[in-house]
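Based on these hints, arrange chain B on the given structure of chain A.
Residue numbers (the working numbering), protein chains in the order written: chain A, 6 to 233; chain B, 6 to 233.
Warning: the hint list may mix true and false statements.
Remember, identical chains collapse to one label, so a pair may be satisfied in a single copy or spanning two.
[Said to hold, decoys possible] Computed cross-link-like contacts, DSS-like style, restricted to lysine-lysine with a CA-CA straight-line distance of at most 27 Å:
no. : residue 1 : residue 2
1   : K158      : K147
2   : K53       : K28
3   : K87       : K65
4   : K65       : K204
5   : K87       : K158
6   : K53       : K177
7   : K177      : K158
8   : K65       : K28
Since the hints were made in silico from the structure, they are not lab data.
As a plain string of letters, each chain reads:
2 protein chains.
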Amino acid sequence: MRKKAVVLLSGGLDSSTILAYAKNKNFDLYALSFFYGQRHQFELEASKKIAQQFGVIQHKTINIDLRAFGGSALTAEIEVPKGRTEAEMDNEIPITYVPARNTIFLSFALAFAEVIQSEDIFIGVNAVDYSGYPDCRPEYIKAYQTMANMATKTGVEGTTNLTIHTPLIDLKKSEIIKMGLDFGVDYAITSTCYDPNEKGLPCGICDSCVLRLKGFSELGIEDPAEYQ
Amino acid sequence: MRKKAVVLLSGGLDSSTILAYAKNKNFDLYALSFFYGQRHQFELEASKKIAQQFGVIQHKTINIDLRAFGGSALTAEIEVPKGRTEAEMDNEIPITYVPARNTIFLSFALAFAEVIQSEDIFIGVNAVDYSGYPDCRPEYIKAYQTMANMATKTGVEGTTNLTIHTPLIDLKKSEIIKMGLDFGVDYAITSTCYDPNEKGLPCGICDSCVLRLKGFSELGIEDPAEYQ
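Here chain A stands alone, though its shape is the one from the complex (with noise of 0.2 Å):
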């Protein structure tokens, strides 16, 4: 019986390549989206292609409402920073991190998991680019498959193995255009942009537009995508 993979599906760059990489792992695939009080919904504009276009057998989006808390330039009426260097965004962890967001995140995609009696959940974390935000690390995920493995049905029975999957977390943001593009990603298609304007397009000089472009530069290959 093939394996079923829950993935947790932004549209952006980094979850579009999971979804590839577990499309490659032979997964039948059970796509997740958040609306999450975003101030755009472009996003999920490319899950939905990104998803059709990989074959997924359910994708669901999920409406919750982190707008409710704030303290976040993603969720609340925060200026997103632009056309800081990669050093500056080395210093601190961003405005733009959304308190507790992977972890909320996660404990839908292990709801579905549960439901759907998938053991495999992918998550496109990176600890490279991303190294300011607490809940992509490693011993962050570590510590969460620990607690999912505890936290159902087959967790009191003793039978689950519920792996937290992060084929990204180790790769540069070129190593991981590589691998989507290896896999078949069009990259035209994702969304990455904090800001986008009114037509979708991206700004270029946020944060990650400007990680996206570089990965893009070291690669000596084009971003596909269109911008402002």
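Here is chain B on its own, set in the frame of chain A:
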């Protein structure tokens, strides 16, 4: 400075008791409730009354769509079991179990705690009466706490000392009720039933009602709630 507590408040007997417990421990109270696709909203109405009674500073109710996954009598069109004895309840994980519910609830509590800078989360789990629920066990709570201490900004800085408080975990229902009465909980307000009628009156025969009525009976006190 007074410490802040995030209290998961369903409006049921157990969570109302822990709200009173946290108040008694001199915490400033921040209550968190969920509308998660339950079949009725009487619990949420009860949670508002209880929060008001105990002078909660903020009470947030988050909409999350657990119906998207199904898999439980509390969120799907599956019949709630009635008239079971305690021995029958002990036999298996009940159909009223909601996949990964406490993991999801605690994850939102963690986000709330991070934003208000609280290090104390209170949850009314109980390993005695709900022995069948995987996410009510002490080893699960301990694993969650370990993970949570790595999940937030202060976790990166190594200054987090977050505690998941479970003051009811080893108590019988009668002992929980005794504690709540000592702290002034008005159990006439709390809503416990899995399947109340259209006026919100409890059925008296679902697992949750059976355990509650037995608790009051053991104390030799009449349950102040009105039944169908």
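Verification of the hints:
For a Cα distance limit of 27 Å, the shortest separation of K158 from K147 qualifies both inside one copy, at 20 Å, and across copies, at 17 Å. Taking the shortest Cα distances, K53 and K28 sit within 27 Å of each other inside one copy (16 Å), while across copies they are farther apart (46 Å). Proximity of K87 to K65 under the C-alpha cut-off of 27 Å is found in neither arrangement, the shortest distances being 32 Å within a copy and 32 Å between copies. In the homo-oligomer, the alpha carbons of K65 and K204 lie at most 27 Å apart inside one protomer (24 Å), although the nearest pairing across protomers, at 34 Å, exceeds that limit.
Only between protomers do K87 and K158 lie at most 27 Å apart by alpha-carbon distance; the minimum there is 22 Å, versus 46 Å within a single protomer. Taking the shortest alpha-carbon separations for K53 and K177, only the intra-copy value of 26 Å comes in at or below 27 Å, while the best inter-copy value is 48 Å. Within a single copy, K177 and K158 get their C-alpha atoms only as close as 37 Å, which misses the 27 Å cut-off; across copies the closest is 23 Å, which meets it. Only within a single protomer do K65 and K28 lie at most 27 Å apart by alpha-carbon distance; the minimum there is 17 Å, versus 39 Å between protomers.
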